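J.: The chain contents come next:
There are 2 protein chains.
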Amino acid sequence: MIRRFYRDELTELEQELLRMGALVEDQIRASVRSLTEQNLALAKKVIAEDDRVDHMEMDIEQRCLTLFALEQPLAGDLRTVSTALKIITDLERMADHATDIARITLRLEHEPLIKPLVDIPEMGRLASSMVRLALNAYVHRSLEEAATMIRLDDDVDHLYAAIFRDLLEIMRDRPDTVGQATHLLFVANYLERIADHATNIGEWVIYIVTGERRK
Amino acid sequence: MIRRFYRDELTELEQELLRMGALVEDQIRASVRSLTEQNLALAKKVIAEDDRVDHMEMDIEQRCLTLFALEQPLAGDLRTVSTALKIITDLERMADHATDIARITLRLEHEPLIKPLVDIPEMGRLASSMVRLALNAYVHRSLEEAATMIRLDDDVDHLYAAIFRDLLEIMRDRPDTVGQATHLLFVANYLERIADHATNIGEWVIYIVTGERRK
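Chain order of the listed sequences is A and B. Quick note on UniProt numbering: the first sequence kicks off at 1 and runs consecutively. Quick note on UniProt numbering: the second sequence kicks off at 1 and runs consecutively.
Since the hints were derived computationally from the structure, they do not count as laboratory data. A portion of the hints provided could be inaccurate.
Claimed, not checked - Simulated crosslink set (BS3-like; lysine-lysine; CA at most 30 Å straight-line):
| no. | chain 1 | residue 1 | chain 2 | residue 2 |
| --- | --- | --- | --- | --- |
| 1 | B | Lys45 | A | Lys86 |
| 2 | B | Lys45 | A | Lys45 |
| 3 | A | Lys45 | A | Lys86 |
Keep in mind that this is a model prediction, so the values were computed, not measured.
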């Protein structure tokens, strides 16, 4: 009976984690869209929703601690619970970066974009896909899916380097753009970090399956 | 006898965590010094030492998981072990940012600094002090020390804003500086994040003492 309760708890923990992941993925997409469309209402929504992400993190944290305290999870289950505790930190940081991006949308409120954004939305799509793929790999406990996802991080890094070069050139040619261009550089930096956090989740999946930690 | 073993394990866990914290504090100071003195050897040392930080994190992680698995820590001890698991993530991220700064030192190898750095080293001193204060608050389980440390984050934020304004002005006046100035902006951003991670640790101390999570 107690074991039954325990299995239910583990299932619920996993579902909560996936709900948090889906919200974070939405937040990333919405933040990039708010920037490219200069949609202030959407940016404000992203900032407001961050509280929900924080609450979900704390709720899942509490579930994990309760599971540790009331049960004595063994080997595989222990890894599931302790990695959940780590994965939510990565998810929460991603959501923080989404709000960082939304705040930049608000800052650029009164100025037209210095160029139509192409690479940044592309990077945003890649980064948010990585989050979904990482969570799929987690649900399926799939090494292959984790490895495929982690490889996408190289594409993100290439895009980041291209955006960096591009924006530096624009700033050199048109010094009046440095304010906005700097903010766009930070957006690219935040997206690169989001992809890094997705990679972390992939590494946690590898740990759950193999018991091996690698970085 | 088992309980005795368990207390020793908790003490050792705490000491390992403090050793990791001291190393991370050194890494932060060294990274900023490598930049201001354009000391490439020091920058390379910081980058090389990051592996040690990663290993310490994984080692402490393993200790925590073993403690969860073999013992059934109750209330206060449970909080100690589970927050150790969170604090090491913050410490590891700080060290990552120190290596980010050291990499920027290497990138600027062939160019003189566009200005003598004053605010950045000041920000570095503040951020690394926050790390030490956060760990002291942790050792003493002191709410007061945690709160004092967290208040320093405002000073860091003010310095960050000042550095940002300053560098944007330099870029506007001297477009040839945008490459380096952008890198310096990122350095300031990394230091601001390091201070945020120190603040996280302060919040974990508050949780250990009160059982209340706040952000």
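J.: Please verify whether Lys45/B and Lys45/A have alpha carbons no more than 30 Å apart.
T.: Violated, at roughly 44 Å.
J.: Has the given pair, Lys45/A with Lys86/A, been kept, meaning a C-alpha gap of at most 30 Å?
T.: holds (26 Å)
J.: Holds or violated: Lys45/B and Lys86/A, Cα atoms, limit 30 Å.
T.: holds (29 Å)
Taken one by one, the earlier hints fail for this structure only at number 2.
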